Amino acid sequence: MRGYILRRLLELVPTMMVIVVASFALVRLAPGSPFASEKQISPQVRAALEAKYGFDKPLAEQFVRYLGRIMQGDLGPSTKYPQRSVNEIIADGFPVTLTLGAVALVWALLIGITAGIIGAVRQNTVWDHAAMAAALIGISIPSFVLGPVLVLVVSLRWHLLPPAGWGDWRHVILPGLTLGTIYAASIARLTRGGMLEVVRSDFIRTARAKGLPERLVIWRHMLKGGLLPVVSYLGPAIASILTGSIVVEKIFNIPGIGPYFVDAAFNRDYFLVMGIVLIDAALLLVMNLVVDVVYTLLDPRIEYS
Amino acid sequence: MALAALFSGCSRPDHGYFGTIKPVHGPNEIWINNSTEPEWIDPSTCSDSAGGEIIWNIFAGLVQAHPATLEPCPDIATHWDISEDGRTYTFHLRPSEWSDGTPLTAHDFVYSFRRLVDPKTASKYASNGHVLQGGVAISAGKAAPETLGVRAIDDLTLEVKLTDPVPYFMSLLTFYSFMPIPQHLMESLAAKGIAPELWVRPEYVVCNGPYRMTEWRFRQHMIFAKNPRYWDAANVRLDRVRLAMVENETTALAMYAAGEFDWPGHNSALPFEFMDYVEEFKDFRRHSELRSYFYWINTKRPPLDNPLLRRALSRAVNRTALMTHITRGEQTPTASLAPNGLAGYRGLDLPLFDPDEARRLLAEAGYASGADVPPITLTYNTSEGHKQVAEAIQQMWKQELGITVELENLEWNVFLQKAAQTDFQICRMGWSADYEDPFNFLEILSGASGNNHSNWKSPEYDRLVLEANRELDPAVRLEKLRQAEAVALAEQPLIPIYIGTSSQLIKPYVRGMWANQLVRHPWKYLWIDEAFDPAKPPTADPPPPNPRASP
Amino acid sequence: MTTRDESRQAVASPAATELVVGSSLWQDAWKRLRKNHVAVASGWVLVFLAAACIIGPSMVAATWGYDYETQDLAYGPRPPSWEHPFGTDFFGRDLLTRVLYGCRVSLSVGFLAAILAATIGTVYGAVSSYAGGMIDSVMMRVVDILYALPYMFLVIILVTIAGKSLLLVFTALGAVGWLLTARVVRGQVMSLKSQDFILAAQSLGTRPGGIVFRHLIPNALGPVIVTFTLTVPAMILQEAFLSFLGLGVQAPRPSLGALINDGAHQMLVFWWTLLFPGGVMALMLMALNFLGDGVRDALDPRMNH
Numbered sequence: 001m002r003g004y005i006l007r008r009l010l011e012l013v014p015t016m017m018v019i020v021v022a023s024f025a026l027v028r029l030a031p032g033s034p035f036a037s038e039k040q041i042s043p044q045v046r047a048a049l050e051a052k053y054g055f056d057k058p059l060a061e062q063f064v065r066y067l068g069r070i071m072q073g074d075l076g077p078s079t080k081y082p083q084r085s086v087n088e089i090i091a092d093g094f095p096v097t098l099t100l101g102a103v104a105l106v107w108a109l110l111i112g113i114t115a116g117i118i119g120a121v122r123q124n125t126v127w128d129h130a131a132m133a134a135a136l137i138g139i140s141i142p143s144f145v146l147g148p149v150l151v152l153v154v155s156l157r158w159h160l161l162p163p164a165g166w167g168d169w170r171h172v173i174l175p176g177l178t179l180g181t182i183y184a185a186s187i188a189r190l191t192r193g194g195m196l197e198v199v200r201s202d203f204i205r206t207a208r209a210k211g212l213p214e215r216l217v218i219w220r221h222m223l224k225g226g227l228l229p230v231v232s233y234l235g236p237a238i239a240s241i242l243t244g245s246i247v248v249e250k251i252f253n254i255p256g257i258g259p260y261f262v263d264a265a266f267n268r269d270y271f272l273v274m275g276i277v278l279i280d281a282a283l284l285l286v287m288n289l290v291v292d293v294v295y296t297l298l299d300p301r302i303e304y305s
Numbered sequence: 001m002a003l004a005a006l007f008s009g010c011s012r013p014d015h016g017y018f019g020t021i022k023p024v025h026g027p028n029e030i031w032i033n034n035s036t037e038p039e040w041i042d043p044s045t046c047s048d049s050a051g052g053e054i055i056w057n058i059f060a061g062l063v064q065a066h067p068a069t070l071e072p073c074p075d076i077a078t079h080w081d082i083s084e085d086g087r088t089y090t091f092h093l094r095p096s097e098w099s100d101g102t103p104l105t106a107h108d109f110v111y112s113f114r115r116l117v118d119p120k121t122a123s124k125y126a127s128n129g130h131v132l133q134g135g136v137a138i139s140a141g142k143a144a145p146e147t148l149g150v151r152a153i154d155d156l157t158l159e160v161k162l163t164d165p166v167p168y169f170m171s172l173l174t175f176y177s178f179m180p181i182p183q184h185l186m187e188s189l190a191a192k193g194i195a196p197e198l199w200v201r202p203e204y205v206v207c208n209g210p211y212r213m214t215e216w217r218f219r220q221h222m223i224f225a226k227n228p229r230y231w232d233a234a235n236v237r238l239d240r241v242r243l244a245m246v247e248n249e250t251t252a253l254a255m256y257a258a259g260e261f262d263w264p265g266h267n268s269a270l271p272f273e274f275m276d277y278v279e280e281f282k283d284f285r286r287h288s289e290l291r292s293y294f295y296w297i298n299t300k301r302p303p304l305d306n307p308l309l310r311r312a313l314s315r316a317v318n319r320t321a322l323m324t325h326i327t328r329g330e331q332t333p334t335a336s337l338a339p340n341g342l343a344g345y346r347g348l349d350l351p352l353f354d355p356d357e358a359r360r361l362l363a364e365a366g367y368a369s370g371a372d373v374p375p376i377t378l379t380y381n382t383s384e385g386h387k388q389v390a391e392a393i394q395q396m397w398k399q400e401l402g403i404t405v406e407l408e409n410l411e412w413n414v415f416l417q418k419a420a421q422t423d424f425q426i427c428r429m430g431w432s433a434d435y436e437d438p439f440n441f442l443e444i445l446s447g448a449s450g451n452n453h454s455n456w457k458s459p460e461y462d463r464l465v466l467e468a469n470r471e472l473d474p475a476v477r478l479e480k481l482r483q484a485e486a487v488a489l490a491e492q493p494l495i496p497i498y499i500g501t502s503s504q505l506i507k508p509y510v511r512g513m514w515a516n517q518l519v520r521h522p523w524k525y526l527w528i529d530e531a532f533d534p535a536k537p538p539t540a541d542p543p544p545p546n547p548r549a550s551p
Numbered sequence: 001m002t003t004r005d006e007s008r009q010a011v012a013s014p015a016a017t018e019l020v021v022g023s024s025l026w027q028d029a030w031k032r033l034r035k036n037h038v039a040v041a042s043g044w045v046l047v048f049l050a051a052a053c054i055i056g057p058s059m060v061a062a063t064w065g066y067d068y069e070t071q072d073l074a075y076g077p078r079p080p081s082w083e084h085p086f087g088t089d090f091f092g093r094d095l096l097t098r099v100l101y102g103c104r105v106s107l108s109v110g111f112l113a114a115i116l117a118a119t120i121g122t123v124y125g126a127v128s129s130y131a132g133g134m135i136d137s138v139m140m141r142v143v144d145i146l147y148a149l150p151y152m153f154l155v156i157i158l159v160t161i162a163g164k165s166l167l168l169v170f171t172a173l174g175a176v177g178w179l180l181t182a183r184v185v186r187g188q189v190m191s192l193k194s195q196d197f198i199l200a201a202q203s204l205g206t207r208p209g210g211i212v213f214r215h216l217i218p219n220a221l222g223p224v225i226v227t228f229t230l231t232v233p234a235m236i237l238q239e240a241f242l243s244f245l246g247l248g249v250q251a252p253r254p255s256l257g258a259l260i261n262d263g264a265h266q267m268l269v270f271w272w273t274l275l276f277p278g279g280v281m282a283l284m285l286m287a288l289n290f291l292g293d294g295v296r297d298a299l300d301p302r303m304n305h
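Protein chains in written order, with this note's numbering: chain A, 1 to 305; chain B, 1 to 551; chain C, 1 to 305.
Just so you know, these hints were derived from the structure itself, not from any lab.
Hints should not be assumed to be uniformly reliable.
Stated by the list, open to error - If you only want the chain C side, here are some residues facing chain A, beta carbon under 10 Å, derived: (1) Arg34; (2) His37; (3) Thr119; (4) Leu146; (5) Tyr151; (6) Thr171; (7) Gly174; (8) Pro223; (9) Gln250; (10) Ala251.
What the hints assert, rightly or not - No farther apart than 27 Å at their CA atoms in a straight line, the calculated lysine-lysine pairs in the DSS-like style are these: (11) Lys418(B) / Lys39(A); (12) Lys192(B) / Lys39(A); (13) Lys457(B) / Lys300(B); (14) Lys80(A) / Lys480(B); (15) Lys52(A) / Lys457(B); (16) Lys418(B) / Lys164(C); (17) Lys300(B) / Lys39(A); (18) Lys57(A) / Lys300(B); (19) Lys161(B) / Lys80(A); (20) Lys300(B) / Lys164(C); (21) Lys39(A) / Lys457(B); (22) Lys39(A) / Lys57(A); (23) Lys142(B) / Lys161(B); (24) Lys22(B) / Lys80(A); (25) Lys398(B) / Lys39(A); (26) Lys398(B) / Lys164(C); (27) Lys39(A) / Lys22(B); (28) Lys22(B) / Lys387(B); (29) Lys418(B) / Lys398(B); (30) Lys300(B) / Lys398(B); (31) Lys536(B) / Lys39(A); (32) Lys57(A) / Lys120(B).
Just so it is clear, the structure is predicted and the values come from calculations on it, not from any experiment.
Yeah, the Cβ is synthetic: ideal placement off N, Cα and C, and Gly gets one too.
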């Protein structure tokens, strides 16, 4: 196992390299310019702007310079927000998104796994149907509908929580709920499905035949089997919480990095785009490694060569 | 409607206002939404309205626009002389200081004006400085910035020379591009090796206006405190301004209802669907705004190279219906470009909707029916509002003329590229006035203008405009501009649609605002009325005296 | 009689033997599915929706004379009535016609894209996991890389190439849609491949292809189906987002996702513009989920039927 983890960590380097090269190419291939403006600017001004950021040099040279930059931990300047560097922008926004994501994830796991367990253990009873119906509703309501509705009711009608913004714990609740509900619904269905697959297998029958109390059967055996698809789902789910937070952060005006995925692309803010791609990729790769390790904990039959 | 009623917190007694009516903060501050993070807060390089809104309140230029009449009034300059030929302006400055105590001199204005046109600054608004003598050459890199027609005769006297006698120059000077820059700060930062872009950050900034920035939390808020060294600080009422950056319109509405803003700010735009609902409230205010909405036509690409077809398209747009049912903001529908009444301008009187004439023009253009017209594409940039207007007009052309037009939706960056290269057939555009003069609109039709995206040029138009701008008699000048516009619109290089309005909700306890067409409400006049009582709403404040009256 | 009984009988009395027809896994599954009433009902709902969107618009046109694009600005948006069962939208257009028409795009593009994504993802994940070792590593790193690339730029480039092309919408949707399924299936297969029935098949000499397609994939279908039912709404809403950016169906042609998007903006003042498109999508998703559950149950040989 230790060898495996080491190997995976070493694999991070070539993977990140491929990501950097591919993203750089994709980003620069797109038409448009960071200096597009409605009122026309003269060619001299445009040339001065491009020289300032090094965009007038050949692409290969720009790439090499960029590599040099990131080796030193400098992600470059932002063309859209010239008074801030990309490092600062990400340092400001990333922890915010992580917090929001963590709250959403905790909510999703708590509600989702609980609902899934209820559904599996009380299969085909009214509890099962209620839990799965709630899950279906959760999947059917997109976040840009759920968010404003929550704000309307909880914030404007009942005055319990602030409608938007970021500052203290009260600001996290509504956006966390909005973001997490879709994942809760998916996790509920995956848990239930996974547990049901396991419930019919031999080792459950053996455990029951051995006379193990039902609760132990559930917790020790069924749940592990049920969690396997959830864990597979969690890897990319965490990554998509980052992108899912785009909509939620815009609705609740949260200063995270979510909106940059779209806005920085529209602004052709090359350095900022590359910066968030790198952070996102690093997070994703690490999470996938964690997920793969957790697999082996859940199912001892799995081993890595 | 029931859902929308929840918005205004109908658990409270119905006082007819949208949300709270008592400020959630103290009486000495105001909370404003600036809609978005500014791109630049630097007078020379700023070209976005979010940055401009801030610059107007932390810097003070030679003149300021009167908050009600928009007339140029003294700010740093106490009075000025204009030469006979209208080309030389001499400004007499009052003694004043920067926020760090350094005296402000005419040299700071010289430094700033040079910096504006210097190609090394890479300012997108360098063109504002092209009315100055030598400005064009410097921006083109053909002359040194020192050759600009501006010099400090002494510490408190500034002389400015123009290439032509620009009649709206004083109005232009109220624009933020012409505010002074603290040369001493820029030099000291350069000496310390700090990047010049960072000079506006709270830890470094030195300014001379009514407020200065004390805190900047990126994408959350900015805090401004009253600047005691501003020359008119005694008349600045609020101690503190908190600026938020909320882009989402619905979120902003919700926050306004909860009292988290007092004013949604200069840049806010209510979605069309909400207009009818929001208009009912007592804190709703609307007035006209100098913002034009039109469609450029590429006059070189068939079938639109035929002016008869272009005019047919323009006549077939039912502008009044658009305003009533789509944009719903009581905008002024218009078939001409420069707004009627602007600085005394008598606008062209063209029909807003004439379907019979449109059909006649179509036939005259050689088409038996609209179905014979080759495919046309209407391009707009990604936005709910633009899409709605385009969809409506697309249907109007189908219903009135039988012409099928395809819609093309491009995101902003690609859209701007295509617009700049005139790679379209019909393309949506807007134009906001920077100063109050019809030429600010008509200049986009000039042959040499970089903002003319229609491939249409007319030597006669350019001649008339040139003559107009050399004309010293304002009435004659306006008449010449009108003739020029008539020449242009006879060939229909664009389809004007409306002149905008500003529709906003503003808390009733915010005072010190007067409706004006550039929607400029300087913070220094604002104050919070603690005694506001919904049962007895106060009458409007009288506008401040024109400071020109005082020495 | 089960097939086992039939076989026993055939062995016991060879004289009275007719040819015993064994039934395959899929035939058994189909029989079981037909007995699941909820799943069958859901299937019919989906068929009905598909039929409605094909012939519905012409029926509405025949009854009332509406089409999806004729506006009546003076009439404007109005709640449901006898003239307009779903009400009218902001431009006075009949919402029923637009919803039916919009289903065409969403069902064809969104649905198909989800099926394609599920198929590619399943095969990819199963192959990667069964192959194990270096191949698994490389294949999964490819998945990670694709996940990390800045999606917006792909969209921008595609819009520039040919904004209206449905094929490109497919490409944009499909490019990332299969990644989640691949990960989920890989996880499932990892725990399946060390089980006895796989060892048995291997010792029988079944080729790897046979093992993957006839043994591993059918048993991993549970989470695949659940993930599929999550991918479909994601695709529909994603298609709306792409259309909003200029890729795919453009105004005035409606798509279900775009209608929901518009409705969400207007829900505070014109609630019916969200309720009906959203309701149709929710109905479609529920039917899909129940059908999916039924398919999963039917395919599982170990369930008690």
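Here is how each hint holds up against the structure:
1. Taken as an interface hint, Arg34(C) does not check out: its beta carbon lies about 19 Å from the nearest beta carbon of chain A, beyond 10 Å.
2. Checking His37(C) against chain A by beta carbon gives a least distance of about 13 Å; that is not within 10 Å, so the hint is violated.
3. About 18 Å separates the beta-carbon of Thr119(C) from the nearest beta-carbon of chain A, more than 10 Å, and the hint is not met.
4. The interface hint given for Leu146(C) is met, as the beta carbon of that residue sits about 9 Å from the closest beta carbon of chain A, less than 10 Å.
5. With a least beta-carbon distance of about 8 Å to chain A, the hint placing Tyr151(C) at the interface is held under the 10 Å criterion.
6. At its closest, the beta carbon of Thr171(C) sits 14 Å from a beta carbon of chain A; the interface hint therefore is violated under the 10 Å criterion.
7. The beta carbon of Gly174(C) comes no nearer than 16 Å to any beta carbon in chain A, farther than 10 Å, and the hint placing it at the interface is violated.
8. Restraint check, Pro223(C) versus chain A: the minimum CB separation of about 4 Å is within 10 Å; hint holds.
9. At about 19 Å, the closest approach between the beta carbon of Gln250(C) and any beta carbon in chain A exceeds 10 Å, and the interface hint on this residue is violated.
10. The beta carbon of Ala251(C) comes no nearer than 19 Å to any beta carbon in chain A, farther than 10 Å, and the hint placing it at the interface is violated.
11. Annotation: proposed proximity of Lys418(B) to Lys39(A) holds, straight-line Cα distance about 13 Å (limit 27 Å).
12. For the proposed pair Lys192(B) and Lys39(A), the alpha carbon gap of about 35 Å is over 27 Å, so the pair is violated.
13. Of the supplied pair hints, the one linking Lys457(B) and Lys300(B) holds, its CA atoms being roughly 11 Å apart against a limit of 27 Å.
14. The straight-line distance between the Cα atoms of Lys80(A) and Lys480(B) is roughly 41 Å, outside the 27 Å bound, and the hint therefore fails.
15. A C-alpha spacing of about 34 Å is found between Lys52(A) and Lys457(B), which places the hinted pair above 27 Å, so the restraint is violated.
16. Proposed proximity of Lys418(B) and Lys164(C) is supported: the alpha carbons are some 17 Å apart, at most 27 Å.
17. Under the criterion of a C-alpha separation no larger than 27 Å, the hint pairing Lys300(B) with Lys39(A) is consistent with the structure, at around 22 Å.
18. For the given pair, Lys57(A) sits about 35 Å from Lys300(B) by alpha-carbon distance, which is inconsistent with the 27 Å threshold.
19. Proposed proximity of Lys161(B) and Lys80(A) is contradicted: the alpha carbons are some 34 Å apart, above 27 Å.
20. Taking the CA atoms of Lys300(B) and Lys164(C), the gap is about 24 Å. The hint holds against a cut of 27 Å.
21. With a C-alpha separation of about 19 Å, the suggested pairing of Lys39(A) with Lys457(B) holds against the 27 Å cut-off.
22. Between Lys39(A) and Lys57(A), the direct Cα distance comes to roughly 26 Å. Compliance with the 27 Å bound is thereby established for this hinted pair.
23. This hinted pair checks out: Lys142(B) and Lys161(B) have alpha carbons roughly 19 Å apart, not beyond 27 Å.
24. Between the alpha carbons of Lys22(B) and Lys80(A) the distance comes to roughly 37 Å, so the proposed pair goes past 27 Å and is violated.
25. For a cut-off of 27 Å, the pair hint linking Lys398(B) to Lys39(A) is broken: about 32 Å separates their Cα positions.
26. At roughly 20 Å between alpha-carbon atoms, Lys398(B) and Lys164(C) fall within 27 Å of each other, so this suggested pair holds.
27. Simply put, Lys39(A) and Lys22(B) have alpha-carbon atoms about 41 Å apart, too far for the 27 Å limit, and the pair is violated.
28. Taking the CA atoms of Lys22(B) and Lys387(B), the gap is about 38 Å. The hint is violated against a cut of 27 Å.
29. Under the criterion of a C-alpha separation no larger than 27 Å, the hint pairing Lys418(B) with Lys398(B) is consistent with the structure, at around 25 Å.
30. Distance restraint check for Lys300(B) and Lys398(B): the Cα-Cα separation of roughly 23 Å lies within the 27 Å cut-off, and the hinted pair is therefore satisfied.
31. Restraint check for Lys536(B) and Lys39(A): the C-alpha separation of about 46 Å exceeds 27 Å, so the hint is violated.
32. Annotation: proposed proximity of Lys57(A) to Lys120(B) holds, straight-line Cα distance about 18 Å (limit 27 Å).
Checked against the numbered hints given earlier, this structure breaks hints 1, 2, 3, 6, 7, 9, 10, 12, 14, 15, 18, 19, 24, 25, 27, 28, 31; the rest are met.
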